[in-house]
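Trainee: Spelled out from the first residue to the last, the chains are:
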Amino acid sequence: MNLSFITEVTLGGLLAGVMYSLVALGFVLIYKASGVFNYAQGSMVLFAALSFVGVLELDVPIWLALLLTVAIMIALAYVVERLVLRPLVNQAQITLFMATIGISFFLDGFGQEVWGSDVHALNIGIPQNPIFLGSILINQFDLIAAVVAGSLVAALALFFQYTRVGRALRAVADDHQAAMSVGIPLKSIWVVVWSAAGIVALVAGIMWGSKLGVQFSVALVALKALPVLILGGFTSIPGAIIGGLIIGAGEKLSEVFLGPMLGGGIEAWFAYMLAMLVLLVRPQGLFGERIIERV
Amino acid sequence: MSGHRLIVSLLSAVLATFALAGLDTAAQAQNEQFIPALVYRSGPYAPNGIPFANGFADYLALINERDGGISGVKITTEECETGYLTDRGIECYERLKNKGPTGAAVFNPLSTGITYALIERAPADHIPIVSMGYGRSDAADGRVFPWVFPILGTYWMQADTLVQYVAMQEGGYDKLKGKKIALVYHDSPYGKEPLPVFQALAKQYGFEFESYPVTPPGLEQKSIWLQIARQFRPDWTFMWGWGVMNSTAIKEAAAIGYPRDHFIGVWWSGAEPDVIPAGEGAVGYKAGAMHAAGPVAPVHQDIFKYLYDKGKGAAKREEVGQVLYNRGMINAALEVEAIRTAQAKFGKKPLTGEQVRWGLENLNIDDQRIEQIGFDGLISPLKLSCADHQGASKLRVQQWDGKNWHSISDWLTPDQKLLRPMVEQSAEMYAKEKNITPRDCSKES
Amino acid sequence: MLYREVGQFKTSYAADQAIFPIRQDRIGSIVVLLVAFAVIPLAANEYWLRTLLTPFLIYALAAIGLNLLTGYAGQVSLGTGAFMGVGAYAAYNISIWLPSLNIIVVLMLAGLVAAGVGILFGLPSLRIKGFYLAVATLAAQFFLSWAFIRVPWVTHYSANGIVTFPPLVLFGVPITTPAGRYLFTLSIVAVLALIAKNLVRGNAGRSWMAIRDMDIAAEIIGIRPLRTKLLAFAVSSFYCGIAGALVAYVFLVSVEPAAFDLDRSFQILFMIIIGGLGSILGCFLGAAFITLLPIFLNRVPTSLGLPLSTATISHIEFMTFGALIVFFLIVEPHGLARLWQIAKEKLRLWPFPH
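Protein chains in written order, with the numbering used here: chain A, 1 to 295; chain B, 1 to 445; chain C, 1 to 354.
Worth flagging that the hints you see were computed from the coordinates, not collected in a lab.
In this text, a Cβ means the ideal position worked out from N, Cα and C, and glycines have one as well.
A few of these clues could be false.
Partner residues are not named here, just some residues of chain A that face chain B (Cβ under 10 Å, in silico) [claimed, not checked]: (1) G35; (2) A92; (3) E113; (4) Q128; (5) S254.
Only some residues are given here: those of chain A computed to face chain B with a beta carbon under 7 Å [unchecked claim]: (6) T10; (7) G12; (8) E255.
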């Protein structure tokens, strides 16, 4: 068990974790700004990727395809707000969660119906070659994904902290009714949030689609992102990245070193177990807001 | 309030439709043979299921269009979407098994899980199951599984032939000693099936064998491949994957620099949907094959002439001849030939499941017949019998060059001396568990 | 007008505390039981019995289990499928180990094993609440799914991980016909549903509901959260375990781990959402809805004569399912059980306007 192998595994894990964070970011955005746990984020990632690839296959240049897909995601956000969020304003959290489950089913069916159930290769020129740092193997693609995720996080953090819209979003997350009474237009805020989450989903969809090919299974990355979410805390954007790094590295290290003793294949549940153990110590995740309960 | 009314009316509509659906009997023409098709055209395995379903549907349509049916008996078919789920598979089976004047002729579950579930039901309903290249490997023993036909190959066979191919590449079985072989597999009954054979072969020929399970669906395999390529460093790697796991594995192998031409997948890991998403990284990847790829046979020309030129094809024209399309076509052809064989004995009319079962068991497709049905170059001859429900089948290895699959080996025959005892032992255990008395083949016609 | 309780006087505490205090309800429930036990096995065809009614009963049982945990005790759980699996594999191992044991005893023991596992995975609920708990139960789901395929003695060292259950035999009589299996399942589900109904009306149910509504306040007035929550997990997993064992014995017979995966957990969750959280009747209504809906959606286009491909029909199924969930939540977040309650309320006046 030499040091370079351990380093490779750790690095690979960190970079894989960043890919998870990309998806987790969408969850965090929506939860932070509207208190809704958006189960449909995975389906949104798939839908965005499908639309992007679908438009690309119509021989449209990449920049135009990007713009068109962003437009599609904004339209989706508008429809969701109008048909789902507005009628359910101020319902219990669990009701909204279940409504997002309904949305995810709808998106799955709709995306496959419009763009087909075939697998589409997605190649926008991101190099995928292995490079060697000394004797340590890293993949170019993972590095690029890390850079993309990092910049996205930085942009979002700045957005929430320093812009008017960002402050309004945080107000809405705290209390819908209070925000409304202060004059914050709830409906537009929600459209903004879901559009932002849609754009994040698009970025995640492009990265994951380049990795796996765009097909239905991409929607299942959401399950990989959930431990990141609970570890980092539902409401923290930097938490999504740090949670991703921890989960990614933890997963890979456990699979490589613990896995052979247990028979292998332990990655999936180890991530959840790790997140759960952290929750036992900090019930709101590492960076989440403290839940203050009053009787 | 109006919302409540809506719900009530919706529920009444559902119940009413159900009440009416209970009386759902379309007028059935009498001279038709009903062959159901369990397919998955949506869901996570749709990319693999769609071409198979298209090939199957196209061949049946061809028989109707070109030949007017099997000796004048037209084929009717109905697709039922299972989404690869066992529940839905059972529901489709129950719904379709009595359709048609004589009931369903035969079922192809297209999923190992559904196959296992149907093996419990179909024998009681007297309907045969064709699990071509998947399902239970021990069902090759027809004495214990009279109603199950894993024609053209099982996983145990494939495991053995892949090792054969590797041995050939290394220069003989004796050169295998000391070499390292890895298996990446889908952590499910499907993926675990070949393990006993690999372990037996490793013991017999002295190579080191390691297996690496991938939790379904297998979106993230970096740790697996780090272990394989950087730690174990095998000379050859096999893959028993399905769905997105295949393309992910090929990509990871490329990303980590594992030589693709030493990476061989099973026949369910070697089709276009598995290599296309991996792009450049898939060039050189090999896979086992039970039949040829590409629209290379005379039957393909017929399909173009009678279906696609008239706009009646199920798929897109350029998809005809893809690996899974051919597989679906061959599956349909085997069943048609079985029905034909049975018709020779029972008469040229719609047949019952019992009779089709006899046809399957006495299926004998030799070189001449292969040519007659236009499948030359696609499959090799096969002959089933009471004890052997697999047919003397062969396999070979194909390689992806970025655009097409090319055959790169001869037809290899599995080592029955090793495999048949394993099959019979496993079948015997099943028979004991279920209180089945194995048939005595010498007593049957 | 039909539903009035005018003229029905209770003269004993027992009468007052009955599950169905109103005579119309009692008659209604007896009619339902008669139809279920006597009419359906005789009248329904094989397809209905095997593919629709028997699974419906089994899933309703699992839904009762989950509803006790999520609807009554307020602990959102996404590990239902895994607990069902524990019951199934436990039943398998017990029946291999003690082949002559009565099937009812096997089921009970399997339920107890599932209850034990449920308690173990319910321990985090003492610290974690709400969505965090839901995602933590996913740990149970994934871990157990892994264990089903990787831990060799769970599948009794089966080479490929699929176990085939022994034939169903009750008191020496093999149960093979669809009607027989249906009646077997129905009896078990009916008895367990009755027990569940009494549980939620009693002390256990009240303490669960107290924890669900305001757990800190409940703790202050003396309800012990540790005991109550773990009891909820135990009873819920007991029910789910028996449901899982039934799925294996009666429905699938040949079981692979995928039968108890995350999709199954979500399916049961939908049943209690649509049926109504916190209602035993709701479990049955939700289970019926979720079992029948996909088949209904699949058949409507063909019966309407629309020439749609199977893929399109399947996609429309997904879309309609999702849209229906949202629709239900908007219109009636308390589920079908609440609709039934409203109907009964209206029946008090009907046909009069007020």
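Trainee: Taking the hints in turn, state whether each one holds.
Mentor: Status of each hint after checking the structure:
| no. | hint | in the structure |
| --- | --- | --- |
| 1 | G35 | violated, 24 Å |
| 2 | A92 | violated, 18 Å |
| 3 | E113 | holds, 9 Å |
| 4 | Q128 | holds, 6 Å |
| 5 | S254 | holds, 8 Å |
| 6 | T10 | violated, 10 Å |
| 7 | G12 | holds, 5 Å |
| 8 | E255 | holds, 4 Å |
In this structure, the hints that do not hold are numbers 1, 2 and 6, in rising order.
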